[in-house]
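**Student:** One-letter residues, chain by chain:
Protein chains: 2
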Amino acid sequence: MDTQPLYRQLASHYLHAIEAGTLAPGERMPSVRALMARHDVSLSTALQTCRHLENQGLLEARPRSGYFVRMPGRHALAAVEEPVPTVPDPAQYVGIHERVSAIIARGRQSPGAINLCGASGAPSLYPVEALKTAAMRALRNDPELFGAQAPPNGHPAFRSILAKRALAARINVHQDEIIVTYGCVEALNLALRAVAQPGDVIAVESPTFFGLLQILESLGMRALEIPTSPQTGISLEALELAVQTYDNIKAVVVVPNLQNPLGSIMPDANKENLVHWCEAQGIPLIEDDTYGALSNADTPLAALKAWDHSDNVIHCASINKVLAPGMRLGWIAAGKWHARVEMLKYAQSRPNEALAQITVADYMASPAFDRHVRRLRGNLREQRERMAEAVAAYFPVGTRLSVPAGGVCLWIELPGKLSSEALFNAALVEGIHIAPGVMFSNSRRFDHFLRVSCGMPWSRELDHAIRRLAAVVSRLLGA
Amino acid sequence: MDTQPLYRQLASHYLHAIEAGTLAPGERMPSVRALMARHDVSLSTALQTCRHLENQGLLEARPRSGYFVRMPGRHALAAVEEPVPTVPDPAQYVGIHERVSAIIARGRQSPGAINLCGASGAPSLYPVEALKTAAMRALRNDPELFGAQAPPNGHPAFRSILAKRALAARINVHQDEIIVTYGCVEALNLALRAVAQPGDVIAVESPTFFGLLQILESLGMRALEIPTSPQTGISLEALELAVQTYDNIKAVVVVPNLQNPLGSIMPDANKENLVHWCEAQGIPLIEDDTYGALSNADTPLAALKAWDHSDNVIHCASINKVLAPGMRLGWIAAGKWHARVEMLKYAQSRPNEALAQITVADYMASPAFDRHVRRLRGNLREQRERMAEAVAAYFPVGTRLSVPAGGVCLWIELPGKLSSEALFNAALVEGIHIAPGVMFSNSRRFDHFLRVSCGMPWSRELDHAIRRLAAVVSRLLGA
Chain S
1 MDTQPLYRQL ASHYLHAIEA GTLAPGERMP SVRALMARHD VSLSTALQTC RHLENQGLLE
61 ARPRSGYFVR MPGRHALAAV EEPVPTVPDP AQYVGIHERV SAIIARGRQS PGAINLCGAS
121 GAPSLYPVEA LKTAAMRALR NDPELFGAQA PPNGHPAFRS ILAKRALAAR INVHQDEIIV
181 TYGCVEALNL ALRAVAQPGD VIAVESPTFF GLLQILESLG MRALEIPTSP QTGISLEALE
241 LAVQTYDNIK AVVVVPNLQN PLGSIMPDAN KENLVHWCEA QGIPLIEDDT YGALSNADTP
301 LAALKAWDHS DNVIHCASIN KVLAPGMRLG WIAAGKWHAR VEMLKYAQSR PNEALAQITV
361 ADYMASPAFD RHVRRLRGNL REQRERMAEA VAAYFPVGTR LSVPAGGVCL WIELPGKLSS
421 EALFNAALVE GIHIAPGVMF SNSRRFDHFL RVSCGMPWSR ELDHAIRRLA AVVSRLLGA
Chain G
1 MDTQPLYRQL ASHYLHAIEA GTLAPGERMP SVRALMARHD VSLSTALQTC RHLENQGLLE
61 ARPRSGYFVR MPGRHALAAV EEPVPTVPDP AQYVGIHERV SAIIARGRQS PGAINLCGAS
121 GAPSLYPVEA LKTAAMRALR NDPELFGAQA PPNGHPAFRS ILAKRALAAR INVHQDEIIV
181 TYGCVEALNL ALRAVAQPGD VIAVESPTFF GLLQILESLG MRALEIPTSP QTGISLEALE
241 LAVQTYDNIK AVVVVPNLQN PLGSIMPDAN KENLVHWCEA QGIPLIEDDT YGALSNADTP
301 LAALKAWDHS DNVIHCASIN KVLAPGMRLG WIAAGKWHAR VEMLKYAQSR PNEALAQITV
361 ADYMASPAFD RHVRRLRGNL REQRERMAEA VAAYFPVGTR LSVPAGGVCL WIELPGKLSS
421 EALFNAALVE GIHIAPGVMF SNSRRFDHFL RVSCGMPWSR ELDHAIRRLA AVVSRLLGA
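Taken in sequence, the protein lines are chains S and G.
Using this note's numbering, the first residue of the first sequence is number 1, and each one after it goes up by one.
Using this note's numbering, the first residue of the second sequence is number 1, and each one after it goes up by one.
Extracted from the complex, chain S is given alone in its bound form:
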């Protein structure tokens, strides 16, 4: 007679079924109700059985759908290693644009290639038709459109809804403190130009968004790369060491929520510490909060600006990833640099044209916006999970992966220090366009990493692509 508790006996019954493939990866586990009927057990035993298998990494719960069999291997995949907080290398002038643009262009020049290089969702994830309807309404109703210059600093209706929405990220700004920009990219340009000059040293996360490195390059500023954790974001210890070693840091730029490419989320305590530390040091803190609304959590993640009581945080964000990758709408709340940013924006590109702002303000003020964001978060979560499972299933042993709690990307460490640039070339021959790690640092420190987009709805084609990509990795490792 089996001496194990009943739920363990049932669990090992299903474990065998999973190992034998009777229950295939991705397949649905019999429901709790079915287990109760089939095995004549209590609700509590049926639930314990499923939870035990979930704890073993064999099942996963999907909200309102029940338990599903995990892809093999995913549970055994190690996370990307934490960096050791050491004194960062000295700041360097950035020379990355040529590399980055060649990588992007080569994907564009391979028309059939599957695009795993970007960091946006597929067009089908966005409410394009509803936005078009809102745009048509604006065209019909607004007599000033096209014929007259747009209002200064952005359209009042758009800035008003942005200020309201910011409350959810615990930011309290008045709409007059917001300046609308052409995407977060322009916001970051303005922020950096407001606080620093060519030649100045800017502390950035490492790895970081290549767009930020290109901005520093174009402005002639130097990047001081601070080790950054795939779990908790920028290392405050390393930043502290950097300031002790190099005393001329003119700004810190951080993506606190779902950092690109890592997907890390800074814990609230770290956010608070960083804000207060920068304030104490007299160093302007620039945050890029492009992804904050795309976490698995039901509420947006808090922005650094939430802890800012001295206007030392410059908050930059955009609707690019959340609502419309094709609209180029971002904004900046520049704290004590508001007047300077206002001047720079006016001199750089004048106030944004009005149509996109009116369109988005209309949509964001409706309940459809919240429904869209919920759906988008769910879709991205599903796509990330599927992608992570496929990587775990197909990539060779030694691959490491951090599955973030939100966002559009996975950050993968290749085994055997395999060069992702070599992988990029070989993968493109196979019709797969990836973002190699060399795009995310001015050094080659991350060459054995790659960023993979989870923006596309999961499909058999995508599954095959990851399988082929994994085969290329194995082949290169063997060579």
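Misleading hints may appear alongside valid ones.
What the hints assert, rightly or not - Here are the computed distance ranges between Cβ atoms for each label pair: (1) Ser31/S - Asp176/G: 58 to 64 Å; (2) Gly95/G - Pro267/S: 41 to 47 Å; (3) Arg140/G - His13/S: 36 to 42 Å; (4) Gly112/S - Asp176/G: 30 to 36 Å; (5) Val429/S - Arg371/G: 50 to 56 Å; (6) Gly416/G - Gly95/S: 55 to 61 Å; (7) Lys336/S - Arg467/G: 45 to 51 Å; (8) Met136/G - Gly112/S: 52 to 58 Å; (9) Pro143/S - Arg374/G: 36 to 42 Å; (10) Asp311/S - Asp176/G: 42 to 48 Å; (11) Arg371/G - Gln92/S: 53 to 59 Å.
For the record, the hints were derived by calculation from the structure and aren't laboratory data.
It should be emphasised that the depicted structure is a prediction, and the values quoted were computed from it without experimental measurement.
The beta-carbon is built from N, C-alpha and C at its ideal position, and this holds for glycine as well.
Using the hints provided, position chain G relative to the given structure of chain S.
**Tutor:** Positioned in the frame of chain S, the structure of chain G alone reads:
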């Protein structure tokens, strides 16, 4: 018996009628046919009569409408004096933004004020409804809109029509040499950043567009102001002297056609000389050709780029004044700096969003665009003439005025070195918002000038405004 030729006798008859006010300013002269019948003279005599009065500045011919009595005084108004080509003052860092933005803001804060401060046409002059229809068509037909990132360097359809249209300004560029920007303002930013660094010296026209001075201020570059003629544009002699005196000029920025605020048009020979001289000196030449299509001539004026055989001219332009002040669409053909501008644009604001480009490309490809430009040119001409006549009629003796052969503005020199800044304040009290001369130079050299917009269709209200403005001038002169 009168020994004068018959036409002279008739002419003095009508001269008396005009002087006595029997024929009032703006009123129609009896037609040639009416003169023949009324005075029993030949066609030739009737025509000679009118032409003689026209030559005296008493009548003006309006195409297809006949002769009209001129406003009194206009014919007697002296042109703004030509500058003497001397060695320009040394380059200075620019500090103008605060002054300019305060002037613009004070107008905005006076809601009922008549806006004579801008340099765009009134919304009613632009084909807003046709553009909205084109935008609706784009929204219906383009599935990629909003959901996907816009094409690099600008939408191919828009760049293609720009390249075709540029042929009329004698520019031969391939669409791949064009990068779409957020207005000419962003194009000028990119051009300056491509060829110069903070601290560098840039030669500019004096007076010049305050937007250019604000750009230099925001980029930390120094302005070397070159005397510029209200008739023929920048003084090549003064530019030559500047280079001999100061050897570190990093770029020359010129508005060759309908310069803002002067309205000057560089003769083709000057354009050619300037292009070749800059090439020989190895100094990049940046042109802002925002107004070239708005001359009285039937064809667009030639751009500097027309004479450029070494890719040393950076051509910047926009649809802002010609088609849609509210759309923020400009472009740049950066010659040998194309790759650098491409990098800077990508890093600064990413490719422009697609909707505005598709909309405008659609409209510009239709015959409606040519019809619109013809109508706009005619309307602006009429508005400039009416404005000039009103200034001549109401402003005190000693006022000088250059009536340009195109564009949206008049440049007025006040008598007695009256401060236009004082006038600005007093006029605002009267509900009139002007652009004082201090907006157009880093020095106070042009404080006794003002720029007046001719963008609004002529009206009794506008006539009264100019009359009140003139009264303020007289009052300040008396004080």
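**Student:** Please test the hint of 42 to 48 Å on the beta carbon pair from Asp311/S and Asp176/G.
**Tutor:** Holds: the Cβ-Cβ distance is about 45 Å, inside 42 to 48 Å.
**Student:** For Arg371/G and Gln92/S, compare the CB-CB distance with the range 53 to 59 Å and indicate the outcome.
**Tutor:** Between Arg371/G and Gln92/S, where Cβ atoms are some 56 Å apart, the hint holds.
**Student:** Could you say whether the range 55 to 61 Å given as a hint is met by the Cβ separation of Gly416/G and Gly95/S?
**Tutor:** holds (59 Å)
**Student:** Does the Cβ pair Pro143/S, Arg374/G satisfy 36 to 42 Å?
**Tutor:** violated (24 Å)
**Student:** So the hint says 52 to 58 Å: do the beta-carbon atoms of Met136/G and Gly112/S match that?
**Tutor:** violated (33 Å)
**Student:** Taking 36 to 42 Å as the stated bounds, is the beta-carbon spacing between Arg140/G and His13/S within them?
**Tutor:** Since Arg140/G and His13/S have Cβ atoms about 58 Å apart, the given range 36 to 42 Å is violated.
**Student:** Take a look at whether the Cβ-Cβ distance between Lys336/S and Arg467/G falls inside 45 to 51 Å.
**Tutor:** For Arg467/G against Lys336/S, whose Cβ atoms are near 47 Å apart, the range 45 to 51 Å holds.
**Student:** Evaluate the given range 58 to 64 Å for the C-beta pair formed by Ser31/S and Asp176/G.
**Tutor:** holds (60 Å)
**Student:** Taking 30 to 36 Å as the hint, is the beta-carbon distance of Gly112/S and Asp176/G inside that range?
**Tutor:** violated (23 Å)
**Student:** Return holds or violated for the Cβ distance of Val429/S and Arg371/G against the range 50 to 56 Å.
**Tutor:** Between Val429/S and Arg371/G, where Cβ atoms are some 53 Å apart, the hint holds.
**Student:** Given the hint of 41 to 47 Å, check if Gly95/G and Pro267/S actually sit that far apart at their C-beta atoms.
**Tutor:** holds (45 Å)
When the structure is compared with the earlier hints, violations turn up for hints 3, 4, 8, 9 and for no others.
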